[in-house]
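Engineer: Single-letter residue listing:
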Amino acid sequence: MIGRLACAVAPLLALLLAPLAAGTAGAEEVTRFPASEHERTVLTIRAAADADAMAPLIRDYQQLYPDVTVIYHEYVTADLFGEVAAACAAGRAARDYPADVVISSSVDHLIKLANDGCARAHRSFETARQPDWAAWRDEVFGFTTEPAVIAYRPDLVPPEDLPHSRVALVDLLRRKPEAYAGRIGSYDITLSGIGYLFAAYDARAAATYGRLVEAFGRADLRVRCCTGDLIADLEAGRIAIGYNLLGSYVYRAMRRGARIGLVVPRDYTLVLSRAVLVPVTARAVGDAFAFVDYLLSARGQKVSREEAFFFDRTGPLPAGVEGPPSLATAGILRPITVGPVLLAVQDRAKRARFLAEWRQSIGAEAPRGGPRREEP
Amino acid sequence: MILRGSSLFARLVAVLALVLAVGAGLLLAAAWASARLAADEAYDRLLVGAALQIAETIASDGREISVDPPFSAFETLGLSPRDRIFYKVVDPADGLLTGDADLAVPVDRARLAAGPVLLDAEHRGQAVRAVVAGRYVPDAAKAGFAAVVVAQTREARSGLARALTVKASLMVLAMSALALGAVAVAVRAALRPLRAIEGVLAARGPNELQPLGLAAPREIHLLVASIDHFMGRLSGHVAVMKRFIADAAHQIRTPLTALSAQLDLLSRETDEGRRRDQLARIRARTAELGHLTNQLLNHAMVIHRARSVAFDPVDVAGLARRTLIEAVQQQPGDRAVDVGYEGPEEAVTIPGDAIALREALSNLIHNAYRHGARRRLTVRVGRERGRVLLAVEDDGPGIPSGEWARVREPFRAAAGGGVGSGLGLSIAAEVAAAHGGEMRFETHSDRGFSVILSLPDGAEA
Chain E
1 MIGRLACAVA
11 PLLALLLAPL
21 AAGTAGAEEV
31 TRFPASEHER
41 TVLTIRAAAD
51 ADAMAPLIRD
61 YQQLYPDVTV
71 IYHEYVTADL
81 FGEVAAACAA
91 GRAARDYPAD
101 VVISSSVDHL
111 IKLANDGCAR
121 AHRSFETARQ
131 PDWAAWRDEV
141 FGFTTEPAVI
151 AYRPDLVPPE
161 DLPHSRVALV
171 DLLRRKPEAY
181 AGRIGSYDIT
191 LSGIGYLFAA
201 YDARAAATYG
211 RLVEAFGRAD
221 LRVRCCTGDL
231 IADLEAGRIA
241 IGYNLLGSYV
251 YRAMRRGARI
261 GLVVPRDYTL
271 VLSRAVLVPV
281 TARAVGDAFA
291 FVDYLLSARG
301 QKVSREEAFF
311 FDRTGPLPAG
321 VEGPPSLATA
331 GILRPITVGP
341 VLLAVQDRAK
351 RARFLAEWRQ
361 SIGAEAPRGG
371 PRREEP
Chain P
1 MILRGSSLFA
11 RLVAVLALVL
21 AVGAGLLLAA
31 AWASARLAAD
41 EAYDRLLVGA
51 ALQIAETIAS
61 DGREISVDPP
71 FSAFETLGLS
81 PRDRIFYKVV
91 DPADGLLTGD
101 ADLAVPVDRA
111 RLAAGPVLLD
121 AEHRGQAVRA
131 VVAGRYVPDA
141 AKAGFAAVVV
151 AQTREARSGL
161 ARALTVKASL
171 MVLAMSALAL
181 GAVAVAVRAA
191 LRPLRAIEGV
201 LAARGPNELQ
211 PLGLAAPREI
221 HLLVASIDHF
231 MGRLSGHVAV
241 MKRFIADAAH
251 QIRTPLTALS
261 AQLDLLSRET
271 DEGRRRDQLA
281 RIRARTAELG
291 HLTNQLLNHA
301 MVIHRARSVA
311 FDPVDVAGLA
321 RRTLIEAVQQ
331 QPGDRAVDVG
341 YEGPEEAVTI
351 PGDAIALREA
361 LSNLIHNAYR
371 HGARRRLTVR
381 VGRERGRVLL
391 AVEDDGPGIP
401 SGEWARVREP
411 FRAAAGGGVG
421 SGLGLSIAAE
431 VAAAHGGEMR
441 FETHSDRGFS
451 VILSLPDGAE
461 A
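These protein sequence lines map, in sequence, to chains E and P. First residue of the first sequence? That's 1 in UniProt numbering, and the numbers climb one at a time after it. First residue of the second sequence? That's 1 in UniProt numbering, and the numbers climb one at a time after it.
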């Protein structure tokens, strides 16, 4: 839990701990969920998702399958992708690398894995219910609904300043440059997989992106590696507004009692669907697909909405969240579709060009020598 | 006993079903091939579109070539929803700009100027459809074509081809089934006249020998005609037999009645002298009866042979001489009749039935001997325009020309003829007719009366 603790405390501390974090990079954190009855199988989940978020889902799954022990390995996205891709390339030689279920918020990684033939196909009643944009090839299934939101400190942002759209945000930064200079935070998209994914889709979704990034550059945008750091900065009052934060993590902080507000933008809402696949090298294949079916089932979705990720596609927004009545409100939903389009995000020429332009607009120097850290 | 062959219906339907099956097979193969082409054509457009969209973004600032594959290109490819996508972009010097380094699709720059090149290839063990699109980069370090290679697995294509083929197959199969049903109905309808014939024949009694009188299609008209012809012959035959039996019964009954009466008389007669006379009369009657019976049997035999025996070459000259000699030997020598033969010594051969001919001739000679000839009886053999003439001539009174037609019929002998005299001429007439010839009579004031059998010599058969 070292990485996550570091994120949760302070960036200063994070900097101090950086060598340590770098030293443990790639060494994932393991949580064991033992079977309550006689153990029949061990299901190994390798995931880039917060173990605290996933725990309610895993425990509920074990209510249905009490004879399954779940071993949960938590990674940062890039490490997970590297390991699974290497295991897939090694094929049979990687038999001693147990991975029955792979979960990642960097859906583009999973799409790339499936495109390279590293995933098993699965058809069931549950998979058949999924909308086209939430699944690909019966191999990669999106199972969460996590909007990109604007988080803010209610005491630092007066109600009349509260931006409900990107245009309003750009306008606010133009109207009150002094008030918010250095008080806006977002991802360092050169480090954060989700930050890059959201930014790429912002650029694709609207012409406002260029103006937004320029405004951020003028307002001296504070960039962080991960959602946890940004939430910590908000709580500490170092920033007043965080842009494009992962809604599920922000809402978890709100539930925890943090003094944070959350706005779902009304112009358009990017919605990430964290995805799951079963690799070709999986051993407990049947249980793996049973877990996938559970995640997609009404029961799993209910637990996800209430205890893990808090949002769903069609229901009302959670209590205390400002925004449209629901994510599905006509025209504003911009789902990051689980499909081959994400291969464009994976393209390295595109990425290099996009990051260069972003750096130039933000006014950031060349990539910092700090630890390369990504969102779990 | 009729051998039971396989059913005509089954054979026809089997052959047509085979033809239909082969046709359907060929159609299905054609449908599959064209469905594959159609599917390729449809999805090739998406592939080319995506490659061109990527190629569009290739740019050069004079030092470096850059590319920025657009989302839209991948969205276009995503229209075939399940297919994997592999791509790479290489600069004019074949340096990889982006994409999958291991995508081993050959780039033939000579052909790129003409437009995107489509080809089938294999990548990581999967069959893929690939397109290579070029974009000319003039201001790079090395000017030339940068190339975009986009490859896609064939799932959507196969799926579409399969769906199209299945639809076409259903139609072909439905058509085939329909055609087979129509064939079965048509064949059954075509064979119905045969069934009608069978029904008519089966419903007939043994004596109903009239023609079938069925309207028959051209193909089996010959069969119906043959049956009708056969029926006609059978019916004629049966009529002759009936008449013969009736006549014969009548002819035999009369002398038998007379014989019976004479025997009654004889049994009551006491006078020895008259008993002897009556015995003599009974003997004579019995002899006549035997002669009559012989002739009846001969007549039946001749009629039977005429309709059933195949002809062999017969030397009628030799036959005439032998028959004459036999006949003369059988006659009682109570009259001085000059018997003679006139004709060639060498063989005169015609196709015929020797036994029937001898019987005919023998009857004519007996008739002449018994009823005609006073002093002279001559058998003549001659030729006349493709015919052979056998004539029996005598110097008797002959038959009046008014009776010539009547005496050819059995039991209608010339007036005054006794018992047993009624069949000879009719037998001869029958034999002549059976040989395709005729019997005629001639009267010459100087030579007398002659009965002539005129028979074809078979030379022009």
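Since the hints were made in silico from the structure, they are not lab data. Think of the CB as a built atom: it goes at the ideal place given N, C-alpha and C, for glycine as much as any other residue. Any given hint could be a false lead.
As the list claims (entries may be wrong) - Some chain P residues close to chain E (C-beta under 10 Å, calculated; not the full set):
#	residue
1	82
2	104
3	108
4	120
5	122
6	158
As the list claims (entries may be wrong) - Capping the alpha-carbon separation at 20 Å, the derived lysine to aspartate or glutamate pairs in EDC-like fashion look like this:
#	chain 1	residue 1	chain 2	residue 2
7	P	167	P	56
8	E	112	P	155
9	E	112	P	40
10	E	112	P	100
11	P	142	P	155
12	E	112	P	56
13	E	302	P	122
14	E	112	E	155
15	P	142	P	40
16	E	302	P	68
17	E	176	E	220
18	E	176	E	202
Stated by the list, open to error - Far from chain E, some chain P residues (derived; all Cβ distances over 10 Å):
#	residue
19	48
20	68
21	70
22	73
23	77
24	78
25	83
26	85
27	97
28	124
29	191
30	231
31	341
Engineer: Now tell me, hint by hint, if it's right for this structure.
Structural biologist: Each hint tested on the structure:
no. : hint             : result
1   : 82               : holds (5 Å)
2   : 104              : violated (15 Å)
3   : 108              : violated (23 Å)
4   : 120              : violated (19 Å)
5   : 122              : violated (13 Å)
6   : 158              : violated (14 Å)
7   : P:167 with P:56  : violated (39 Å)
8   : E:112 with P:155 : holds (18 Å)
9   : E:112 with P:40  : violated (25 Å)
10  : E:112 with P:100 : holds (11 Å)
11  : P:142 with P:155 : violated (39 Å)
12  : E:112 with P:56  : violated (24 Å)
13  : E:302 with P:122 : violated (44 Å)
14  : E:112 with E:155 : violated (43 Å)
15  : P:142 with P:40  : violated (35 Å)
16  : E:302 with P:68  : violated (40 Å)
17  : E:176 with E:220 : holds (13 Å)
18  : E:176 with E:202 : violated (24 Å)
19  : 48               : holds (17 Å)
20  : 68               : violated (5 Å)
21  : 70               : violated (7 Å)
22  : 73               : violated (7 Å)
23  : 77               : violated (6 Å)
24  : 78               : violated (5 Å)
25  : 83               : violated (8 Å)
26  : 85               : violated (5 Å)
27  : 97               : violated (6 Å)
28  : 124              : violated (6 Å)
29  : 191              : holds (54 Å)
30  : 231              : holds (76 Å)
31  : 341              : holds (113 Å)
Violated hints, in rising order: 2, 3, 4, 5, 6, 7, 9, 11, 12, 13, 14, 15, 16, 18, 20, 21, 22, 23, 24, 25, 26, 27, 28; the structure is consistent with all others.
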